[in-house]
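Just so you know, the sequences run in chain order A and B. With this note's numbering, letter number 41 in the first sequence gets 33, and the count goes up by one each step, no holes. Each position in the second sequence, counted from 1, maps to that position plus 415 in this note's numbering.
These are calculated hints, taken from the structure and not from any lab test. C-beta: ideal position from N, C-alpha, C; glycine also. Don't take every hint at face value.
As the list claims (entries may be wrong) - A short, non-exhaustive set of chain A residues, derived as facing chain B with CB atoms under 10 Å:
| no. | residue |
| --- | --- |
| 1 | Ala7 |
| 2 | Thr18 |
| 3 | Leu24 |
| 4 | Gly164 |
Unchecked claim - Listing some non-contacts, in silico: residues in chain B with all C-beta distances to chain A over 12 Å:
| no. | residue |
| --- | --- |
| 5 | Asn458 |
| 6 | Ile591 |
| 7 | Arg602 |
| 8 | Ser660 |
| 9 | His716 |
| 10 | Trp747 |
| 11 | Phe756 |
| 12 | Phe765 |
| 13 | Leu769 |
| 14 | Val778 |
| 15 | Trp789 |
| 16 | Leu793 |
| 17 | Lys794 |
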Amino acid sequence: MIHMAALISPRYRDAAIMLVVVVAVTGFNIWLHRGDTPVGYQLYSANGFSFIYPRECTLREAVVIFRYPSYWLGDMQGESSGEAATVMGVVWEVEQAGGVPATMDEIIDVASDYYHITGVGFDTATTFGGKQVSVRGFNVIVNDVSVPGLMAGWVSPEGRVFVIYCLSPGRGDDWLTFQLSRMMGSLKTEPPPKPR
Amino acid sequence: MASSGVQETVKTATGAPRLEFIDFARGIVMAIMAWDHVSGFWNQYHHGGEGILGRAPPFVDTTWFLLRFVSHYCAPTFIFLAGTVLAISVKRRLEKGENQMSVTLHLIKRGLVLLFLEAALVSPAFGNPWTYFGVIACIGVCLIIFSLARRLPTKVILVLSLLIILNHSFLDLSFIPTRPNWGWYLRVILHEPSFDRWPYVGLYPIIPWVAVMGLGWSLGNYLSGKSAEEIKGLKRPFALTGVASIAAFIVVRWLNGYGNLVARMGNTLVDWLYVSKYPPDLAFLLWTLGGMCLMLALGIHIQGREWFHGGLSGMLLSFGRNPLFFYLVHLWLYRAQPPDFYPRAYVPPFYLGLPETLLFWAVGLVVLWRLCLWYEKLKRQYPKPILQYI
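Working from the sequences, and respecting the hints, build out all of it.
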């Protein structure tokens, strides 16, 4: 029987071996790191949920609607400094009668006490990372400059509404949508803690 | 005028014919690099720093983005072809009868000279501290690595280089503490470019770039000893490799996962082309090395032409033959100011508009061309000892 290797010239055999080594090692690495936090983001994990958010934003608790985080409700906001400052935040609470739009309305109402918010758009349904979400655009006036923002809301299986929002001056809707899709897409929730 | 110098310059100091298509490709990127630096020195809307820790600073508009983006070819081509030329020159030295130890010592000395030049001449030009780890320092360290690594079989170097390029984004250096400062600096130098902790700053980490040099080294070994006819036959493979590489770039950006240290955040031209240079991700290297292959193919295509050594291509060839001299001189020519007494983030005394900057760039290239020709003459007159390192 003629061995297959004998039919292949040494030149091509070496190239084939090299290719197999490179593809195998790289493929293994891609598989091994498939769940890693992407570069430029960090992971938040507490209060029964986790999600990734832009690395340069430092999260602070109870900033927007003054709810210190617990499993059932809370709010956090992160800001980056620099010429393209990004503001992002997450608000969560038990689902109300009005569902996601009610929570979004509530956030805008409370924030309107402190900021000039204009151009609140209609809700549109879309999918981020397999989640059916409602997305709403708005603008915040800062120093006479209109900063575009976008928020997305989703109801988790355990009955919590999560709204994630993002604002950045000088960035387009694409950028905001991308950030929201990354953050919302990465959101994972856990069942409520059992009473001891 | 140019042609009288041509016959003298197409041979190396050892008398071996030069692979001029390499000089041509290198000359193109040197000229583009000059644009990037003159723009960096004098334009308000010029940006750098793409990809540091995944960050993507915004550009004022698409024009300014593209004016910066075009310069992405420079560092990969510069470092890749440094590896190619290194392999060829090492082979020639050994063929001339130089022993292995002497070649190793030569490379170490050359690497140390580059580290010194980065600290003494390059860093001050950018307003950086002497500890700044830039492209020249990176090449210097790579030369020192190759003073030993060159003894490995080319196939091993090729496989290791490919593995590093395809996998370095998974590298986790968190086991190195960032306090004290040496730990931070080590991470900056190895794989995590940063300007966050002055003066421990750098943009060209060794790990990905030594692999780019390794690819170039492999090509150099492949090219060594090839006849002019065989080189001519490489035009098509270079062109195909370039096109395939750019096609792979499109696939990697489209998939928007593996190979992208800066994710594509939308579908505009800027979103597609905004890739990580610091450190160079796979998308960045596919685009830039693909472009370099096309430049090499073009170089092979035109290198036999009558006009090749004159005019614009003659100018590019003179840049490509003297890359380090060009690099050192162009920085100070375009900075056009004395060094700061204390290193600080560079701020020009005033900003230039785009047309003025383009004019400054073009005039500067002509000056640099004459200086390169003069320097070549000087090198021929005094081939040893110090000029051989620059």
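Any hints from earlier that this structure breaks? Give me their numbers in increasing order, please.
Of the numbered hints, all hold.
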